[in-house]
Amino acid sequence: MKQIKFLFIGTLFGIIMTKSEVISWFRIQEMFRFQSFHMYGIIGSAIITGLILVKTIKRNKLKTIYGDSIKFNDKKLSIPRYLFGGIIFGLGWALTGACPGPMFIMIGHGYAVFLILILSALLGTYVYGLIQHKLPH
Amino acid sequence: MILIDFLSNPWPWFISGPMIALVMFLLLWAGENFGVSSTLRTICSISGASKHSSYFDFDWKSQTWNIIFITGSVIGGFVASTYFQNPESLLISTNTINDLAELGINFNSDIVPTELFNWDSVSTLKGFLIMLFGGFLVGFGARWAGGCTSGHAISGLSNLQVPSLIAVIGFFIGGLIMTFIIFPLIF
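Chains as they are written, first to last, in the numbering used here: chain A, 1371 to 1507; chain L, 113 to 299.
The following block holds chain L by itself, in its conformation from the complex (with noise of 0.2 Å):
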């Protein structure tokens, strides 16, 4: 009963992160290493994108295990917010509720931005744009950087390596000139 009233809770910061450690441990453990947005390059290879560059001309086949762990974070995902439910919506800060309120960006106690994330609004050209940047920029800037949140900031960072420090330092300059600076502009 601990357990599932442990699962049917949103979890503290101290727990969530060591949790996201262990799951780089059991990914070391098994032979492998943390990071996802590598997924991204191996589904390019595998869709036959090695005829047009060399940089998808690798063994993917030694890539499919993290296929299989991406295709189960998909089943986290369903089981956790089939199974798991939080009671209460999320507790976001009320400057931040406030402020994307400003930009006309309504928290109405959903994980993301319902109006944001429909298919009506994708089918707006704005609503669409918005995804297909944000989604380019992020396989983009992934594999130019070598790694994402999972690769650089926990993996990298764990293993103190300098690289991944620059990497992070780039996320949160990118993160803050979209929020501060380009958020006002397309909102």
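Chain A with its partners taken away, still in its complex shape (with noise of 0.2 Å):
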């Protein structure tokens, strides 16, 4: 049962990302043709707010629930892996208007016809587990 707080985190992000009409193939249209604020508002603001709470971890030493030392996810540098990789998610991004989290909250929003693109992005997955090997990274 302790799982059970991220049942609660994942309700409330499907919550936020409806609110926000993130999850809308219109608005992320919108943002590609650069046609309205909305996104790169939504985008900025969350990095800023990320920022300040990262800061504030690291300087604070804040420890975890449990109280550990919070981790993060350091990145190794290289440029092929991000920026192909990247290109291939955008392009996927900008055709179904969804990122993989507003793929599952619209099934929530009783869009069924989304386990169809749940079960690509899976197999596209799968696929990059199978040639991972002979990609640049």
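Hint data in this document are derived by calculation from the structure and do not stem from the laboratory.
Please read all numbers here as calculations on a predicted model, not as lab measurements.
In this text, a Cβ means the ideal position worked out from N, Cα and C, and glycines have one as well.
There may be inaccurate statements among the hints.
Label pairs and their computed distance ranges (CB to CB) [claimed, not checked]: (1) G1437/A - L203/L: 39 to 47 Å; (2) F292/L - R1429/A: 41 to 49 Å; (3) Q197/L - P1506/A: 43 to 51 Å.
Calculated pairs, DSS-like style, for lysine-lysine (alpha carbon to alpha carbon, straight line, at most 30 Å) [unchecked claim]: (4) K1433/A - K173/L; (5) K1504/A - K163/L; (6) K1433/A - K1372/A.
From these two lone chains plus the hints, build me the complex, please.
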């Protein structure tokens, strides 16, 4: 039952993504067409708030609820994997109007057809796993 | 009552952004990292993909929290769309609506274009291929890049990670190619 908190945080996430309209295919199109500030405002203010929170955690050496120190994922610097992987992700993001989070949230909205997207994304993940050694990282 | 009003209306960007950062903070506080696309890898592992690639051979039990998180997000989507429905439809930019109408994609007040996201469309070859390729690119790209919007744009940039900046630049290059070059060809 220690895990139940993740169900609550996830529920909060689903509500936030809905109320912010980030799950809308049209909002993603507005963003890529530079025709609205909405998505830029959301991503920008999320990053600024995030920067402050991360700084606060590091400066005050805040602990997790279990008393461990909070660990951050520091990513190894390289260009190909982030650039090429990023471009492929971006192509899919613009086409489907959904990054992985919204694909699941839209199921909750009653759009069962998003199951096809989730299965396709799982297939993409699986194929990446098969050929990752052949790709530049 | 103020809370109900707040929950029953769309949120402005300056509320939405900090709230997303709050989710990242809560997960860090709970000892985990905010990143949705790694769940896809976990689901592959649970389904037995480790028989075919060592990429899926990891202790997925340590990632069950992410499956629970994503289950919560489905509940959140249900709760928000059922109990906190917005009184009016989305305020999408008229320019976007017009540009998309030229491509034959109409905005009919729904959050996604219903002509693409319905079973009738998905049962046509073109509609099916759009879903198949779109989802495939998202899953493949996110794992190659080591993260998606949550892991790179939010978690990574908040932690001043240069790789995440490169990934986000990639997201935009890909998104612009799709929107301005590929959309006119396929729609």
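A quick look at each hint next to the structure:
1. The supplied range of 39 to 47 Å is met by G1437/A and L203/L, whose beta-carbon atoms lie about 46 Å from each other.
2. One distance hint, 41 to 49 Å for the beta-carbon pair F292/L and R1429/A, holds here, with the actual separation near 43 Å.
3. For the pair Q197/L and P1506/A, the supplied restraint of 43 to 51 Å holds, since their beta-carbon distance comes to about 46 Å.
4. Among the hinted pairs, K1433/A with K173/L is consistent with the structure: their alpha-carbon atoms are about 23 Å apart, no more than 30 Å.
5. With a C-alpha separation of about 18 Å, the suggested pairing of K1504/A with K163/L holds against the 30 Å cut-off.
6. The hinted pair formed by K1433/A and K1372/A meets the criterion: a straight-line CA distance of about 17 Å does not exceed 30 Å.
Violated hints are absent here; each numbered hint is respected by the structure.
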